[in-house]
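> Sequence:
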Amino acid sequence: MPVRLYINCLGTPEVLDDAGAAVAVPTRKALAILVYLLRTPGRLVPREQVADILWSKAPRDKAIQSLRQALRQVRRIEEASGTRFLEADKGHVGLAGGVLVSDFGEVSELLESGGAADFEAALARIRGPLLNGYETLDPVFQDWLTIERQRVMSDYTSSALKVVDTLSLLEEPERVEAGCRFLLGLDSALEHAHQLLIKLYLVSGRKAEAHEQLKRCEAELKAHLDADPDEETLRLFNTHADAYVERSSAKTRFAVEPVSAMATANLCHSDGPDLIQLPQLTIASFVDADRLDSRAHTILDDIRSCLGAYRNVQIYENDNETQGAPQKVTYVDAGELGSYLLRFRHDAHMGLIYLQLENRVSGQVLFNEVIETEQVADFNRLREATSQTVNRIQSHVIGRLRARVGKQPFSRWCQAEALLCEFSPSADRKAVAILDELQAANPTYSVAYSGKASVGLKQLLHYPDFRATQTGSKDVLDLAEQGVLLDPWHVFNRRMHGWSLLQSGYYDEARRAFTEAARLNPFDPTNLMSIAEGMAYIGDVDEARRNAERAFSLFPVIPRFFYEYLANIKFSAGDYTSALELLDRAPTDGILSITTRIAAFLCSGRDGEARDTLDLLSRRHAGRFADVTRDRPEEVLGWLNRINLYQDPQTRMHYKRGADMVRSYLLAS
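Reminder that position 316 of the sequence shown reads as 316 in the UniProt record's numbering, one-by-one numbering, no gaps.
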């Protein structure tokens, strides 16, 4: 039997046993109680205090009763896992030491060790804000959670600085760099960390990296704080790097302003319900808590996690989740965004779960679904079932907003997002008009910036306009960074940041951004497929394949454009025959698709078919290149170099063969 349980609550919460297997948690409030007690270690907490923070709207006696029910659910976790950790008497509750292990505690221990690998591991453990998605449990709990999130990040920043500021630049450069990367992962506008990296690079003779770090510092201070770097940061470049060597035995600290609470508070900033209203979705669990088996628990938790990962609905919980008797649902007037009810009913005798989505405005039943618990016994089948269920919910909630012109910011974003998916210059122009409007009216709405970065990337790669002044790679990266600074937990921001970093040549950072995007939403097949293509360009073919396989398993009907993404993955793996077969199933008129096809033909020894494909390029895109090859051939050559995103040297060389044939054809026209 396991002797400890692991609670991961930096991000979407989960409970694991010693073997790494998921432990079902009956209700979100049961898990919230555990985390609340973990954040107040070493003492018993009055029952009234816990009840008031999680059931603040209920009368005290009702709140105490609800707490008793929640504590019974905690006891069920003990029974299922074979552990004992809850200490409770008539007046107090607490936790026994040494049984529950938290990820926020492990991060603190890693920072105390302070090795380079420790810093990297600590940053990887921070998957998101504390108890991501639990803000709506109760208003008082939300206030407590906001403060705790700031405290957690402030403590991490202080702990990391305590280590980094005692290190020698020459003797322990790897620890210094890893520590600074950790600090910038928490707060990308922390100038002290930028200064340390610049100083380290100058001492090490890496002047180009030092200048690049200064550019990054300038961009993030401007985007995050609307400020310029301190004079001391700029003066680092006025002194020759050798001057630092004389002081290399000194510690890394030099005069800077103290880290402010505001800097760490920004880590918790997001497009929250107080800023951007979302459609409302209430999950009503009509179950008998005593008979709800672990698979049903897991399915319900996975649906919650999946819904939360999309960041498209404001989720509410039915307070009578543990009572078992269905409750009468009140219909509401929720405005243009809409309000929905997801009924979850578990039939323990039959081993079935019944799901029903209703429109709370009209009372219309939008769909019914039945899941057999035996059919989702393994993780992959569970993920397929919950992902497809949530995608159906998304199609009703978001599809409705995309189909009509709305006034709310989220409605306008849905319309812009639909236009972005059309992948055409005309649709992008319409999308940019909406995004400009959103940015002007809501300057902190992060996806407006990431959406414009998406348009800029498509212009750079897929349909360049050689006659007009285009958005450059730096402009695109600036937009993407602004989006991720405003809301680092939004998967669209992270993914666009990854692509922008890739286009700008920051390959390691792009890999981290893609990895984080996959972690933030492992349920969305479109997200996973885009990440898979990005990983293929970076050169991590195995990770690209894994993400592509997961994406294909989650989609009941495969969109045609997925085959082009998969073709690029096959090309990166050197499987040119499969790449060509997949391109036959994909849309065939994109410039990149045609260039990839030509390169694959050449690498397969099919030069004649490669030349025939040039005719397709001429028919589809003659107007785009007319006169440009004669007047400004360097712009076409720059574009051909830009679209070769492959970072593996051999794959890059093979793709260049196709690009060179396109270049020769265009210059000879």
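In case anyone wonders, no lab produced these hints; they're calculated from the structure. One thing to keep in mind: the hints can contain errors.
Stated by the list, open to error - In the SDA-like style, the derived pairs of lysine to any residue whose C-alpha atoms are separated by at most 20 angstroms in a straight line are:
hint: 1; residue 1: K222; residue 2: Q439
hint: 2; residue 1: K474; residue 2: L460
hint: 3; residue 1: K430; residue 2: N442
hint: 4; residue 1: K407; residue 2: A440
hint: 5; residue 1: K430; residue 2: R400
hint: 6; residue 1: K215; residue 2: L234
hint: 7; residue 1: K207; residue 2: E218
hint: 8; residue 1: K57; residue 2: Q142
hint: 9; residue 1: K407; residue 2: V361
hint: 10; residue 1: K656; residue 2: S504
hint: 11; residue 1: K90; residue 2: A116
hint: 12; residue 1: K474; residue 2: H224
hint: 13; residue 1: K57; residue 2: I315
hint: 14; residue 1: K57; residue 2: D143
hint: 15; residue 1: K215; residue 2: D228
hint: 16; residue 1: K656; residue 2: G539
hint: 17; residue 1: K90; residue 2: Q142
hint: 18; residue 1: K474; residue 2: P229
hint: 19; residue 1: K407; residue 2: E437
hint: 20; residue 1: K207; residue 2: P229
hint: 21; residue 1: K215; residue 2: K656
hint: 22; residue 1: K162; residue 2: A116
What the hints assert, rightly or not - Label-pair ranges, simulated between beta-carbon atoms:
hint: 23; residue 1: Q65; residue 2: S294; range: 34 to 40 angstroms
hint: 24; residue 1: L616; residue 2: R404; range: 33 to 39 angstroms
hint: 25; residue 1: P443; residue 2: D378; range: 42 to 48 angstroms
hint: 26; residue 1: A22; residue 2: R72; range: 16 to 22 angstroms
hint: 27; residue 1: Q650; residue 2: E369; range: 43 to 49 angstroms
hint: 28; residue 1: Y463; residue 2: D660; range: 20 to 26 angstroms
hint: 29; residue 1: A227; residue 2: D18; range: 44 to 50 angstroms
hint: 30; residue 1: M350; residue 2: R519; range: 47 to 53 angstroms
hint: 31; residue 1: D18; residue 2: I558; range: 34 to 40 angstroms
Keep in mind the model is a prediction, meaning the values are calculated, not measured. All C-beta atoms, glycine included, are put in the ideal place defined by N, C-alpha and C.
> Are the hints correct? Go through all of them and say.
How the hints compare with the structure:
| no. | hint | verdict |
| --- | --- | --- |
| 1 | K222 - Q439 | holds (17 angstroms) |
| 2 | K474 - L460 | holds (11 angstroms) |
| 3 | K430 - N442 | holds (18 angstroms) |
| 4 | K407 - A440 | holds (14 angstroms) |
| 5 | K430 - R400 | holds (19 angstroms) |
| 6 | K215 - L234 | holds (11 angstroms) |
| 7 | K207 - E218 | holds (17 angstroms) |
| 8 | K57 - Q142 | holds (13 angstroms) |
| 9 | K407 - V361 | holds (18 angstroms) |
| 10 | K656 - S504 | holds (18 angstroms) |
| 11 | K90 - A116 | violated (47 angstroms) |
| 12 | K474 - H224 | holds (17 angstroms) |
| 13 | K57 - I315 | holds (18 angstroms) |
| 14 | K57 - D143 | holds (14 angstroms) |
| 15 | K215 - D228 | holds (11 angstroms) |
| 16 | K656 - G539 | holds (16 angstroms) |
| 17 | K90 - Q142 | violated (26 angstroms) |
| 18 | K474 - P229 | holds (19 angstroms) |
| 19 | K407 - E437 | holds (11 angstroms) |
| 20 | K207 - P229 | holds (18 angstroms) |
| 21 | K215 - K656 | violated (30 angstroms) |
| 22 | K162 - A116 | holds (14 angstroms) |
| 23 | Q65 - S294: 34 to 40 angstroms | violated (26 angstroms) |
| 24 | L616 - R404: 33 to 39 angstroms | holds (38 angstroms) |
| 25 | P443 - D378: 42 to 48 angstroms | holds (46 angstroms) |
| 26 | A22 - R72: 16 to 22 angstroms | holds (21 angstroms) |
| 27 | Q650 - E369: 43 to 49 angstroms | holds (47 angstroms) |
| 28 | Y463 - D660: 20 to 26 angstroms | holds (21 angstroms) |
| 29 | A227 - D18: 44 to 50 angstroms | holds (48 angstroms) |
| 30 | M350 - R519: 47 to 53 angstroms | violated (35 angstroms) |
| 31 | D18 - I558: 34 to 40 angstroms | holds (39 angstroms) |
When the structure is compared with the earlier hints, violations turn up for hints 11, 17, 21, 23, 30 and for no others.
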